[in-house]
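Throw the hints in and build the complete structure from the sequences for me.
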Amino acid sequence: MRHTIKAALIASAFAIGIAAPAAAQDALKLPNMSYRTGPFAATGTPHMNGQLDYMTMLNERDGGINGVRVAFDECETGYNTEKGVECYERTKSDGTLITQPWSTGITLQVLPRTNVDQIPMFAPSYGFSAMQDGKTFKWAFNPPTSYWDGASMIMQAISDGNLDNLNGKKIALLHLDHPYGKEPIPLLESLAAKHGFSLLPIPVGLTEMQNQSAQWLQIRRERPDFVLMWGWGAMNAGAITEAVKTRYPMNQFVSVWWGAHEPDLKLVGDQGKGYRALSWNFVDSDSKLMQDVKKYVVDTGKSQINQAAGEFDSTAYQRGILMSVMLADAVRAAQDHAGTPNIDREQLRWGLENIKLDEAKLAEIGAEEMMAPFSTSCSNHTGHASAWMVEWDGAKFVKASDLLTADRASIDPLVEKASAEYAAANQPWGMNDECTE
Amino acid sequence: MLYRVAGQYKTSYEADYALFPVKQDAWLLGFILLIAFVIFPLTANEFVFRALLTPVLIYSLAALGLNILTGYAGQLSLGTGAFMGVGAYACYKLITIFPEMNLIVAIALSGFFSASIGVAFGLPSLRIKGFYLAIATLAAQFFLVWLFQKWAWLYNYSASGAIQVPNMRMFGITIAGPNATALTQYYVVLCVVTVVTLFAINITRGRIGRIWKAVRDMDIAAELVGINLMKAKLMAFFVSSYIVGVSGALFVFLWRGAAEANLFDIPLSFRVLFIVIIGGLGSILGNYLGAILIVALPVIIGNVPGFFGIPISSSSVEHINIMIIGALIITFLILEPHGLARYWAVIREKLIIWPFPH
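From first to last, the protein sequence lines stand for chains X and R.
Quick note: the first sequence uses the numbering used here, first residue 413, plus one each step.
Quick note: the second sequence uses the numbering used here, first residue 2, plus one each step.
Calculated from the structure, these hints are not laboratory results.
No residue lacks a Cβ here, since even glycine has one placed at the ideal position from N, Cα and C.
One or more of the hints may lead you astray.
Anything over 12 Å on all C-beta distances counts as not near chain X; from chain R, calculated [stated by the list, open to error]: (1) TYR4; (2) PHE50; (3) GLY131; (4) MET171.
Reference excerpt, derived from the structure (chain R facing chain X, CB under 10 Å, subset only) [to be verified]: (5) PHE38; (6) PRO42; (7) ALA135; (8) TRP154; (9) GLY162; (10) PRO179; (11) GLU224; (12) ALA262.
Here is the structure:
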């Protein structure tokens with residue numbers, strides 16, 4: 413008798429276990445590849461938290477998107493490409509609607525597969541810059557702005573709007589020696605040739621991120637007029653402390669958006685004054701959007717953020733929120749267009765091509781001060797939102813410029829070349845022939 | 002019971018030294034091959050192929066290469082990851098320079114590149130051994146990964162510094178690149194691994210294998226009985242690096258689809274070394290058992306909470322996973338320092354004499 417009860421219990425436990433995923437079918441499966449472990453967790457965690465919390469907020473406040481709950485599961489990669497591919501396969505067999513690879517390395521790895529498996533890939537403001545070409549990269553999206561856009565905007569900011577002012581100057585690119593860090597090099601090289609400045613790429617290996625004395629010795633010797641930083645995780649904090657130590661002038665030190673990360677700057681505090689970073693988002697904790705997240709997620713204890721450390725008010729966390737805002741907008745657009753709340757991958761792809769976060773929409777969400785309006789189309793998978801230069805004032809980031817816009821004339825030919833090369837190297841490659849824009 | 006050897010008489014030396022002196026071993030192997038070639042392809046889904054079966058096979062092959070060097074010939078090496086990289090980059094250059102080349106041929110040829118580099122870095126083994134040699138191969142590790150990063154010709158000057166596998170066809174079927182199905186890739190890997198394993202089994206139990214074992218156990222004694230140490234050691238480096246190179250080419254071309262230089266960094270070398278140590282030094286079977294433990298088990302454990310619908314965050318699973326695997330490794334090594342292969346040997350012995358233990 414006792415054995416039968418035990419057997420029945422075990423059997424029902426199994427049945428529940430198997431039935432649980434099946435019952436969750438009426439949800440929008442939008443998993444995220446997280447990296448809350450490993451060497452990059454410091455930058456990864458606030459972004460993951462932001463993305464997750466916005467989706468949780470939609471579930472709590474509106475019961476999901478158009479009445480369908482969002483299943484925003486995480487698959488942990490630790491920024492490891494091998495684990496990333498495993499996560500891609502796992503989420504694919506779970507029937508995911510999207511893949512969010514969260515690393516330029518994993519993005520490059522799964523990019524060709526998404527085109528074959530027909531899964532939209534959402535890589536907000538990272539990944540391969542040439543993905544803006546929607547005709548070639550039918551399934552890949554990197555809104556609101558790409559690394560090449562970022563590089564172009566940074567160059568405008570440091571040259572006061574006219575790149576010819578940089579003639580004869582020397583610009584060092586301190587970058588992670590990884591596909592991500594090498595991403596801006598082609599554009600910067602072409603700009604250097606055109607405007608007569610010299611580019612000095614200084615790679616930082618994955619193993620020497622926290623010990624950059626060799627790199628900064630080189631910087632001290634070469635005395636570049638500007639140091640651009642394309643770093644990630646522990647590397648940024650290392651570079652900032654090293655810059656302070658070598659007394660490199662902070663107002664000549666500029667980073668891409670991942671360098672707008674308060675915890676890195678808090679390490680040096682006042683000594684970091686004048687450090688600038690390009691950022692397509694700006695902290696606005698009093699906005700309706702952030703207040704909703706606070707009310708429905710943070711105050712109810714459903715968030716994993718570290719409130720004591722001020723994570724709620726951090727640029728990275730709010731950037732994560734905005735990433736999910738873009739995705740949710742795409743889902744809503746797809747649902748409206750398809751006429752059903754239960755969309756499939758192809759319909760979501762359409763939605764991602766029709767993100768329309770104009771001023772009215774941003775005001776409605778309550779994020780008008782947090783990012784610049786943009787929209788995507790079938791041929792433009794990036795949207796090219798404008799961005800601000802933000803400057804560290806010793807305690808927080810303040811806006812240091814008006815909205816900057818990337819110089820399309822210098823980027824688009826490169827994109828055309830890179831995407832044509834990519835398609836040629838991956839024959840047979842599925843192009844989006846329906847797109848005639 | 003299952004392993005009854007009564008009635009299996011050996012009447013010649015040939016029979017006694019046959020590949021399978023006990024009939025049941027051959028049946029068992031046949032059964033495993035049946036599972037690998039027929040049952041898995043019929044039942045597994047794409048996730049199982051891409052996350053479990055193919056990587057286990059490829060890692061086993063890399064471990065097999067290292068095991069020949071370390072387990073059989075007694076030469077320590079920490080450069081396995083870099084030699085895999087040599088195989089991968091050589092294969093990439095071969096197929097981009099000769100696009101018409103058959104991928105299998107390219108993979109087989111790329112082994113020779115890593116073999117020659119392996120021999121070059123094996124030269125110090127003539128003068129130094131043990132930890133000193135391990136450090137010399139560590140230099141190979143750092144140098145080669147640095148070379149993969151700096152020598153842009155190797156990755157065809159691509160902007161990201163990564164190598165991408167194009168779609169490649171063989172006999173009308175796409176076998177590599179994004180369009181290839183997981184099943185085809187699995188079959189190709191399985192065939193290559195089977196052939197190389199067969200080769201490795203025979204070379205290690207024949208004359209050359211015995212020379213290596215003699216060098217491993219006491220090189221001065223081996224030299225005294227007339228073994229040419231230089232030839233023996235360099236041959237071990239050659240064969241080992243060849244297999245490691247082939248596994249590197251498979252790693253990128255039939256599994257990953259793309260790779261950057263950092264992939265072949267020291268963690269990969271350590272991972273392969275762990276497989277060898279956990280599996281069992283000086284054993285062919287051990288490589289497979291070790292790879293299952295190190296490569297497949299974390300994936301399986303990671304899926305358990307999701308399968309039972311246990312609400313636990315993915316990063317906690319990752320932490321728990323690392324702890325479980327770490328604990329398992331320590332437990333196995335305390336209980337059986339000779340690795341998992343030794344467990345199987347013990348079980349087999351017991352089965353043969355069952356039910357009458359000594």
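Going through the hints against the structure:
1. TYR4: 32 Å, holds
2. PHE50: 8 Å, violated
3. GLY131: Given a closest Cβ separation of 25 Å, the condition holds.
4. MET171: Consistent with the label, MET171 of chain R stays out of reach of chain X, its closest Cβ about 15 Å off (over 12 Å).
5. PHE38: Not OK, violated: PHE38 of chain R not within 10 Å of chain X, min 22 Å.
6. PRO42: 16 Å, violated
7. ALA135: With a closest approach of 19 Å, the ALA135 of chain R hint is violated.
8. TRP154: 16 Å, violated
9. GLY162: Nearest chain X Cβ about 5 Å off; hint holds.
10. PRO179: 3 Å, holds
11. GLU224: 40 Å, violated
12. ALA262: 8 Å, holds
Comparing the model with each numbered hint stated earlier shows that hints 2, 5, 6, 7, 8 and 11 do not hold.
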